[in-house]
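For this one, chain A is given, so just place chain B on it according to the hints.
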Amino acid sequence: TQLLEQSPQFLSIQEGENLTVYCNSSSVFSSLQWYRQEPGEGPVLLVTVVTGGEVKKLKRLTFQFGDARKDSSLHITAAQPGDTGLYLCAGVRTGNQFYFGTGTSLTVIP
Amino acid sequence: GAGVSQSPSNKVTEKGKDVELRCDPISGHTALYWYRQSLGQGLEFLIYFQGNSAPDKSGLPSDRFSAERTGESVSTLTIQRTQQEDSAVYLCASGAGAFQPQHFGDGTRLSIL
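Heads up: the protein sequence lines correspond to chains A and B, in order.
Numbering follows the working numbering, with no gaps: position 59 of the first sequence is 59.
Numbering follows the working numbering, with no gaps: position 78 of the second sequence is 78.
Chain A on its own, in the form it takes in the complex:
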């Protein structure tokens, strides 16, 4: 059983469409991070959210941390082919334990 469940697992959309990826848990996290991974490379950090209800924007990407700090979402506006990759959320609990989500594989079709 995964501590962090991501949905959807796979997503294929046309360029210009909007999408949302969800990261859900029944546990509380002190902070949550989002990473993007491209084939043959390691994950790269996109953002860290630490406060319940926090919203962060990174160009066309909007990240939200749930009020109860149990879930998060990533919204991409006007997706581009360069957004293609595996998106991973990771929650931090006490003791410096990182729990990675199950991953969402996004394909943006030109």
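Zero decoy hints are in this set.
Computed, partial: chain B to chain A, Cβ under 10 Å:
no., residue
1, V4
2, G42
3, E44
4, S58
5, A93
6, P101
7, F104
Keep in mind that the hints were calculated from the coordinates and are not lab data.
Every residue gets a Cβ at the ideal spot worked out from N, C-alpha and C, and that includes glycine.
Positioned in the frame of chain A, the structure of chain B alone reads:
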């Protein structure tokens, strides 16, 4: 470069052989993590080092897996008597300290024949 470096990038070996994977973290990073990733899947936590000690070994899948870190720098992950189910990408990450974001290497792709 200044990033996390892993070697080898690819390793093919026969079932039953031992393999050693190396990770050079970013200089000064005290936290070091090992993960395993199957094709297109999420990350499976293996072990976490803070300095040279490993407070969390809970993710090691069996006693065939071991890891060490020396000089608060280089870490090696050793898999003894490899099995086909050990085939995966092994990723290493380092962090500046507790609760800090992780910087990943590009991984070692391990294939067991």
